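Starting from the known structure of chain G, fit chain V with the ligands onto it as the hints suggest.
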Amino acid sequence: MALDENATDQPESSTTQATAGSGEAAGPATGPAAGENKDDNSQFECNICLDVARDAVISMCGHLFCWPCLHQWLDTRPTRQVCPVCKSSISREKVIPLYGRGGEQTDPRDKAPPRPQGQRTEPPQFGGFPGFNWGGDGAAGGGGGGAGGVQFSFGIGAFPFTMFASTLNFGVGDRRPGAPAAGTRQHDEEQFISKVFIWIAVLFMVWLLLA
Amino acid sequence: MSNIAFQRLQREFKEVITNAEIAQTGIRLDTSDDTLTKLKGEIKGPPDSPYEGGTFKLDIIIPDNYPFHPPKVSFETKIWHPNISSQTGTICLDILKDQWAASLTLRTVLLSVQSLLAAPEPSDPQDAVVAKQCLTHPQMFTETARLWAQVCADAPGERNSQLYKKLTQLMDMGVGKESALSALSCNSWDVSKATEHLFS
Ligand SMILES: [Zn+2]
Ligand SMILES: [Zn+2]
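Taken in sequence, the protein lines are chains G and V. To get this note's numbering, take the position in the first sequence, counting from 1, and add 3. To get this note's numbering, take the position in the second sequence, counting from 1, and add 4.
Just chain V, with the same shape it has in the complex:
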């Protein structure tokens, strides 16, 4: 990593860690790696969204030529959102691609990801299945996204009993929590279709 990248990351770290105002926005930054190339981010699901109160972990990979190229950011926590892949966690966000600017920091990136959670853009999707559901069955989308946040990101609140029942039904068959969620969500919460999808 270049010298400028390392020095800048140190500054950014200090800013996020020491600034109380930033902590209030529910943004955290962490690293286990002294070279600062692999970082862990954390954002709180924004209020008035299906993700409210959830804790979402992000993988951040800093390229050698940071800040002239954007960091690679993806969700480690599973999330149901039209602009984030429900399978891989890849984020579709312009500032992480061609709209990146060298003055943006990890803090502003995490804030942008947080506001993406509050304002999904199904017209420019990363996950086509989620986007389709978001556009055609908004109610089901909201319920699905909320349940994902509750199951995967410890979001508070009462779980949708109807959907949760179907989830436990699949989990009782020995299916992992996340695969069960994914199979059901991709098949409009049709249990027989989801099992077919899982066991075929």
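This is chain G alone, in the form it adopts within the complex:
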């Protein structure tokens, strides 16, 4: 509620009224009185317990909650997961934790699980096989424009090889310096690609012999 009122950014105003963001440089020079200061804190109050939010998370619709409070709310109504304020759709995967300075010395959480992790999105990587657009997420069949160079379309062709490769389990050693660690996706992909090329070579030789 308080959040809603303060959602719109106030342009530099000459009024002495204490508005959103009392700490901002654009605020009134006199500074808000003690009583108003307390009111200003209400914009950081959890919309469920009405206390200052601890282990704070924010929903995509911009509403602030304690994580334990929101977790209990979502737990209470598993079939109707809506924001308690604006009723927009909400889920535990789609809240963002807020990390303030020194925010961790709060009360230990009782029942609620720890807050969901903040998501770190890795920047896109170019390298490995130049021009080989290996989409990873089911992009077999060669998707959109790659980083440049030739593009291989491996959709149907690669499929049977995968079968062989995984069944026969070629033990291709991986002793290059700086090779990706075993178990990572990049490692698996590289393993797979090298197996595919070995099979192509084998089939090519068989074809040569038969021809």
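It is worth saying that the hints were derived from the structure and are not from the lab. Just so you know, these numbers come straight off a predicted model, no measurement behind them. One or more hints might be untrue.
Here are the simulated DSBU-like pairs of lysine-lysine, each with C-alpha atoms no more than 30 Å apart in a straight line [unchecked claim]:
no., chain 1, residue 1, chain 2, residue 2
1, G, Lys90, V, Lys18
2, G, Lys90, V, Lys76
3, G, Lys90, V, Lys101
4, V, Lys136, V, Lys181
5, V, Lys42, G, Lys90
Chain V with the ligands in isolation, oriented as in the chain G frame:
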């Protein structure tokens, strides 16, 4: 009651009691119970409604898992309204059921009940008799609801003499004020039908 419920209720109380703006809306909150599980609410009948100026008392029961579950709110004061039982005071209001949200407070609940008085929804009734009257005889409904508010909730204004006469007629026979009102209202203000209903 859980700790969060108790702390939150304390805050809500403070808000309703200290905020002058809230007092202007005719909403009050009271408790005789230190555990804050049983509360008394009070709302003023909204203007331009048959309930105008009446003082309606409400029973509020706070569940253990408040605010994750809604409070149980019912009318203690008798009221004639399609979405409120004229017998038990049970309220049919979506936010008190499946549309409850944890960010709603007792203040917003009481405000919602107050606006329900201003805007009855006979298509989704709690009291079928009232709802039927509201739809088929709106004039009689308004007069009945107003008289109930005047008799039960101290609403000001001149009482409908025709209806009030019938009410006193029954009360002179030894029938209680509220039972007489109910019997007459449920029988379209037909005195003989109402007495039959009461004494059969
Ligand atoms: Zn909270
Ligand atoms: Zn929201």
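Go through the numbered hints given earlier and state which of them the structure violates, listing their numbers in rising order.
-> Checked against the structure, no hint fails, so every one of them is satisfied.
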